[in-house]
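So the protein sequences, as listed, match chains A and B. When you read off a place in the first sequence, starting at 1, and then add 7, the result is the number in the working numbering. When you read off a place in the second sequence, starting at 1, and then add 162, the result is the number in the working numbering.
Check the hints yourself; a few may be wrong.
Subject to a maximum C-alpha distance of 30 Å in a straight line, what follows is the list of computed DSS-like cross-link-like pairs (lysine-lysine) [as the list claims (entries may be wrong)]:
no.	chain 1	residue 1	chain 2	residue 2
1	A	K84	B	K401
2	A	K371	A	K44
3	A	K44	B	K215
4	B	K371	A	K84
5	B	K305	A	K371
6	A	K44	B	K221
7	B	K476	A	K414
8	A	K245	A	K44
Counterexamples of contact, computed for chain A against chain B with all Cβ distances above 12 Å [claimed, not checked]:
no.	residue
9	G33
10	S350
11	V357
12	I359
13	A398
14	W401
15	G503
16	H538
Just so you know, the hints here were simulated from the structure itself, not pulled from any lab data. All of these numbers come straight from a predicted model, not from anything done at the bench. We put the beta carbon where it would ideally sit given N, CA and C, even for glycine.
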Amino acid sequence: MSTTQTKPQKNSFLAGTANYVDERVGASGILKEFGRKIFPDHWSFMLGEVAMYSFFVLLLSGTFLTFFYDPSMAIVKYDGVYAPLKEAMISKAYESSLFITFEVRGGLLMRQVHHWSALLFVAAAGLHMLRVFFTGAFRKPRELNWVVGFVLFVLAMAGGFTGYSLPDDLLSGNGLRIIDGMIKGVPFIGTGISSLLFGGEFPGHVVIGRLYALHIMLIPALILVFLAVHLFMLIIHKHTHFSGPGRKDTNIVGYPLMPVYVAKAGGFFFIVFGVIMVISTFFTINPIWNYGGYDPSPVSAGTQPDWYIGWLDGALRLAPTGMEFMIGEYTVSMNILIPLTVSLLFLALVAIYPFIENWVTGDKREHHMLDRPRNAPTRTAIGAAGVMFYAVLWAGASTDLIATHFKMNLNQVLVTMQISLLVLPVVAFIVTKRICLALQRKDKEVAIHGRESGRIVRLPHGEYIEVHEPLDEYELYKLVDFKDYQPTLARPNAEGKITLGARVRSSLSRFYFQDRITPATKTEIEQARHHAHELEAQVQKAIESDK
Amino acid sequence: MSDNSKEVETSKAAAPAAGSYSDHEYELGLRVVNSDAIADPGLEPHRVRMTDKSVKHEKAAVRQVALLFTFSMLGSAFALWAYFNFPLSEDLSSVRLNTMYLGIGMTLGLMGIGIGAVHWAKTLMPDNEVSEERHLVRGSDDKRAAAVEILAAANQESGFTRRKLIRRTLYGSLALFPFPGIILLADLGPNPGDSLRHTFWKAGTRLAKDPTGIEIKASDVTLGSVFQVIPAGLNPTQKDYLEEKAKAAVLLVRVDPSELKETDERKGWSYQGIVAYSKICTHVGCPVALYEQHTHHLLCPCHQSTFDLIDGCKVIFGPAARPLPQLPITVDSEGYLVAQSDFLEPVGPSFWDRSVK
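Using the sequences provided together with the hints, build the complete structure.
Pasting the structure below:
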């Protein structure tokens, strides 16, 4: 049936429905525009999908949980089926969490689905960010979408933390206590903000209800809005693709949305959901019944926050002793302020990185081809340094467990972490950059001389050589197709002045590109081939004369 | 400039459409244009799959996909069956069975669909890569001119730039209107006042065990023993129980009096080697719950701040900056341990004006 036909065949229910929808919402135009949109294929493009699907699973499982959960902090006597807590005075929030766990069929399963998918959500979003960073997908025109993605990542952490606090168990209560302590450490406004958050003194009677409002309404709504913007920009920009034969900044190579990506991506949602489900079926997460309700006095040793808060907790732990001073009679808690500032600075750097790199290269063209990480050695090294910095902070949140598990001195573990935080990012930078440059050299070598064949030949004059086989044109193109930048000198502007900005940009350009490896050129390859042919002729001659 | 770039140079595309790279030139910055670059050989030839070549393989793939979807149906049906056949009871192992069988069924239900659909796409749907032109994100010059015209017309018609008075008062009103909304948030919590400086402890309050509330006699505290302490009279049914406990929690330890290093001012704060310190960490407020008997060190399990109990609970390690506040204690006529007064400084995490009298 042709699409221009206005009257569908009577016997076709599908065509009738399609016609009904089209006449009311103009669906055919939407389908025509997007139905065959091309999406490139690469495994790393899945990471963002995993994050999005985990978020959908969060919405589904979370909605189920809200039907049973009660965010009240009123104290009640526990009278449920979990014997060890019988008669305990606990909050209604904790009581209803226990009720979901032990008295709602599938309740524990849904709680675990919710918690696991939250952990996966933040993890996948983080990995997706790393993929975008290391392949340079944040370059023009996608800088703003990087910022939107960054906001999503922060919202994901906020969603995680507010949710973590809701069961009002001993662990989550201690988490809130730490937040309270950090807020109080902020000069001028800390005490007031803490009182506003907790509705008076910690822990108060309202904070759980307020976090609940944020957790089930404001934060998911914001995530949905930013997710919509994120995807809208994805459609405007079209997806990036890796460089390679036939792939250019001016085209997009891949498979059509319908039917291939509808099946693959749609199916993938079920796979992600299925993986979360199987993990939640067999692996306990956050066994709140073991912790008991919140009480400000007890705490168990070896407590850990959820993984994505770890780096912030680590930052708190790594602050050196005694960093507090007085201005007159006012207390300035640098042991709180330094970790706070360092974490916020780190996040800010992540958010603005695309603009820094764009300023240095001055390349104002649109970039739709992804870099292999090795082909942008300095960026990759900066990324590795950032990952290392985060990783040390993250490991810092487990100093006590590292000490007990490896039978080490806690104090030495901590001091090692403090030193590592300053030293290891630098080491990671240098090592990564060297590895990238070495890989680039190797690529160039292979592009020019071909692949080692393992065939060793002795020439008539006694010299041994290994014969190299040339690459086919597709393999070759993959190795030489990357963008090459060169450092610049500080140049005077129109008034003949060399501005500070020009100087900074010049030295940054040297930092980025001074030791660059250029892609192999046609001439180099032809010369090498010519040489190889001569050798081959010699080899043939030798073989023949041998006969 | 862009015409020199290798992409365009090697492009096999026909005349570029509007909005493509020839339409607008961007700066290349530090980019090196490689005039000696290898030519782009174009897309790699398509590799034919077994399912494209052989009917037998194609039919097998169809069966596999259908089988996976069938697994999914069976899984979902199993989950429904499990819901009714593994109910929850007082016996906690029922929770395990309920979770496990429901979960297995639902996993099968989900995975069958997911793997089936992906398998279908990979084996039976066309896998020819398609190349499509991109267009610049910016609008064409015509479009931009039209947009500018609309803005100019809107400006002209409204007089937004021309009528300064209207514009500036609008800015002013927009700047002010959120503030009433913000001030509404002030009632989220009371002014903390001096609530952070006082605790439940008063002169003569007896020390009681946490959580039983049994009052403690000095003679109960043997050398080296540790007690988690709350003030007597603080009980879980009262309204501000947790807030008061969050400030009043105390750790009581008896050490050899000769080992205690006490400043002159605090000489009378302990009783026969029994000392009482706030349990709330001066870093961010976790309970300092770990006591190491042979070193007399107190360790906070949250961030590992370590305090030396016999030397006024000074910080010897970790991020905390101040010693734990000491509760002055003595015994009353019946031999029970009592507080001499409240803490003489605010307990818990530092705050900006904690030392302001």
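Task: Violated hints - listed by number, lowest first - done: none
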